[in-house]
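Make one complex out of these two single chains by using the hints.
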Amino acid sequence: MKKVRIGSGSAYWGDMLDPAVELVKNGDIGYIGFDHLAELTMALLQRAKTKDPTTGYIPDIIPWMKAILPTCAEKGITVISNGGGANPEAGGDEVVKLAKELNLTGLKVGVVVGDDIFGKLDEMRAKGIKFKNMDTGEEDIDRIRDKIVAANAYIGADSIIEALQEGAKVIVAGRVSDNALYVGPLMYEFGWSFNSPDWDLIGAAITVGHIIECAECCTGGMSNMWKVAPRLWDIGFPIAEVYENGDAIITKTPDSGGLVNQWTIKEHLIYEVHDPSNYLMPDGIADFTALKLEEIGKDQVRVTNMKGKQRPSELKVCIGYRDGFIGEGQVFFPWPDAYEKAKKGAETVRERLKKVNLDAEELRIDYIGVNTLHGEVAPEPTSELNEVGLRVVAKTKTKEEAEKVRREVTHLWTIGSVGSSFGVPLPIRPVVSLWPTLVPREEVPTRAIIKEVR
Amino acid sequence: MKKVRLKDLAYARSGDKGDVSNIGLMAFNKENYEIIKREVTPEKVKEHFKGMVKGDVKIYEMPNLDSLEIVLYNALGGGATRTLRLDQTGKSMGQALLWMEVEV
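If you read the sequences in order, they're chains E and A. For the first sequence, the numbering used here assigns the number 2 to the initial residue and increments by one for each residue that follows. For the second sequence, the numbering used here assigns the number 7 to the initial residue and increments by one for each residue that follows.
Careful: at least some of the hints might be erroneous.
Claimed, not checked - Restricting the straight-line Cα-Cα distance to at most 27 Å, the calculated cross-link-like pairs of lysine-lysine (DSS-like) are: (1) A:64 - E:310; (2) A:60 - E:398; (3) A:36 - E:293; (4) A:97 - A:60; (5) A:9 - E:228; (6) A:36 - E:308; (7) E:76 - E:3; (8) A:60 - E:317; (9) E:50 - E:67.
None of these hints come from the bench; they were simulated from the model. No experiment lies behind these values; they were computed from the predicted model shown.
Next comes chain A alone, as it looks inside the complex (with noise of 0.2 Å):
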């Protein structure tokens, strides 16, 4: 078993509605989605982040387009129009989960 970084599985992107988080994980291929799919869980996710996630950590499934939706909950500061954070809308949230190591 070797460890790899998810940026080199999977594009992400991610988004905001007001405190909750989204990140869309969008593997590079049907392989890949297979170790996305077993690696990337609510817990792990929820590790990974450390204290910027406060809330659950949900998990959606898209095998149609081997991709992730993962939804994280409290996660923003309290939402762009009142956190204190730089990026108020959590656009670096998806790259910033591509750090994450994963067994492959």
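In isolation and in its complexed conformation, chain E is listed as follows (with noise of 0.2 Å):
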């Protein structure tokens, strides 16, 4: 039976290379898929760009491909990346001049773009699509309007499809979901298509996606299992070996650390996911009830029954807007009475911002030691502390307001108790929140543009 090996290269935006390295060099694979884009980043990206139109992509892109390309070329593995970001084209462009100085004449890069949407917002509210908020029901943009830095769908594998049939064994895209870089290759190896589409088998195609595409996070990272999972220093990335029945073994690079068990990828399985028989990606609707793990030898596990159902008609869109400042400042307390001068500073902090007349939204205290983790839920300590720190920290409108958070919390330095002790102060950090929507698929044309080194 056919199958596909396809490993999974980075989780975010600034994760580690070399098990990446590893993984095109030992991991026997066709396929590597990279994501480095997270909510956030698209307007960290848009912003970048507004500034300077030749950047918005992920500037380590350049420097990842630099260190596998030349492996990926001589094994003949296909690279599928998302850190094309706010401007896939540039990076695209970049990928083509450094292949040209790594002499890799010939090779094709695919470009795939049609997720930005921020261009088209005001063309769109025209039609009378009103970009409903889908977590606060606010319905619509009105309010935020002047205030958008970034709007992107995510898009499907359609147009990743479309660049692999082209020959290209390079793709940059922007914001595709994350899953969509396995279910592309997935789906063009096994001439799986949305024209005459096995709802199952593209089903199974985004749950192997979704189990690999954080890569560390289901072989022992961010793990259950961390008191007994290896060498986690030189953690193994996934390989997912997936057959054309639908079924797949997931592993790991040979002989790198961490782990892959039934709890590894349960973890991942269960992991930012809302209904389970439901998970909703541009591809399809996968159903993660019905399947079967097996663990199946060491740090293998086979994935049988995947399930899945029609794509949905609607695409999900995050926009990203300018939503004011937060201003923070941490001071530490030592025993004795560690908790007592830490309660003591609060009481001072909250004085001294009446004083200044602080204007927030929102203000917050964490003991940190205590409560910043677990909020309300964490019980009162029962025995005395060897140190606690006071975490101060507002939302306001201007940037001044929160330069006053910050300001009065080091003046605990000098008027707080005995034994005060301090870092640097942290810098005021502009907000951007996001405002999630659906608009209908047909409003987001993708295309893949092929660019061949020369």
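Below you can see the structure in the form of structure tokens.
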């Protein structure tokens, strides 16, 4: 039975490079996917592109491609990345330039465009599309229209498949869904098509993509297996060996650290999913509630009986808009009476903030070591604490107001209790809030542009 | 009837999509799955998180994985890019659920 081995080379912008290099060298794979985008990333990249139109892609893709392309060319591995970010064409041009330097003449680079609807928002509104907020139910983007900095649709695998059909061995896309980086090559290799779809097979591709798309997060990273996962500093990135009947075996780079077992796969199957029988992706809807997992060997888990349903008629769009600032300060207090000192510090800062008339939309106070992570769920400490941090943070409309928070917390350096300790003040952060919405699929046509290295 | 914490019955991992937090609660075995399925209800989860979860709680069953998918709405202080929480993406929400006591 025909099989395809596909690896995952990145979980986020800033991930490690060496496990990806190991994967292309020793993973015996035909494809590698790279996800570099998170919900906020598009807004950051769009801002960069506004300042300089030759930027807006993930800068890491160039050193990453430099490290892997010679091996990929030698072994015939196809690379599919969403590192084109807000400017896949510029990213693609840079990859072509790099490939030329590496003497990869004849290499075809596919650039996938169409996800960026920032410039089409008003035209689409004129057609009656309201961009209703999926989370809050707010009907219309009127309130935020002049603050919008980015708007991208999560597009599917259509144009990745098109690029592969045209012979592309490197694909640079923008906001394709992370999942489509894997669905695209699987559909292409097995001849699965949206024209005469078998939704269970496409559902299997979506499920496999979901399992491996966060790279190390299914091989012992971010894991309940943290106590027993060996050599996490050498963690192996995952490989899916997928068969044309839709079954798959999940494993990782040979002789690497980390581990693959039923728990590392389960904890990724349940990760960032809402209704597990309706996992909505642009390429289809996967159902995770019928599949079966079996440990069939060391670091090998077989996944069978994956199911799917027809792809949705709407695509998810993420709109980013400017939404004020966050000011924050932290001070740390030592034993004896560390927690009491921190509480006294909190009272002092609150009064100072009143005195300077802080105008905040929201103010939060955490005791680091007590309740920063678990908030109201955390029980009160029952014994003396060695040290406690005080974290004061506020969201404000203006930078000036955020600056007040930062400044007033630093005053605890001198008016706080004896022993108050501090590091370096934190910078003020501009906030980009997200507005998730749905648009009809036909409003977001995508295409692949093929560039050949000459 | 004795009471135990969820940490003694299951693993958990949590993630985010905007202001929605999700927790996968994975029972160590079939017997524990029956317990979490019975004991971990939307009402109890909402109460457990006190003020942290402003919206609804939905729970989906995954008998094939002995797991529950627990979805918490308006639960992350507005979502990763604008929340004032240090744990912007709610990675610790799953661990916070493990404090919950249930009858076995």
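For each hint, the structure was consulted:
For the hint pairing residue 64 (chain A) with residue 310 (chain E), the CA-to-CA distance comes to about 22 Å; that is within 27 Å, so the pair holds. Taking the CA atoms of residue 60 (chain A) and residue 398 (chain E), the gap is about 23 Å. The hint holds against a cut of 27 Å. With a C-alpha separation of about 15 Å, the suggested pairing of residue 36 (chain A) with residue 293 (chain E) holds against the 27 Å cut-off. Proximity of residue 97 (chain A) to residue 60 (chain A) is assessed by CA-CA distance (about 18 Å); at most 27 Å being required, the pair is judged to hold.
For the suggested pair residue 9 (chain A) and residue 228 (chain E), the alpha carbons sit about 26 Å apart, so the restraint of at most 27 Å is met. Restraint check for residue 36 (chain A) and residue 308 (chain E): satisfied, since their Cα atoms lie roughly 23 Å apart, inside the 27 Å limit. Restraint check: the Cα-Cα separation between residue 76 (chain E) and residue 3 (chain E) comes to about 19 Å, which is no more than 27 Å; the hinted pair holds. The hinted pair formed by residue 60 (chain A) and residue 317 (chain E) meets the criterion: a straight-line CA distance of about 24 Å does not exceed 27 Å.
Straight-line distance between C-alpha atoms of residue 50 (chain E) and residue 67 (chain E) comes to about 23 Å, which keeps the hinted pair within the 27 Å bound.
When each numbered hint is compared with the structure, no violation occurs for any of them.
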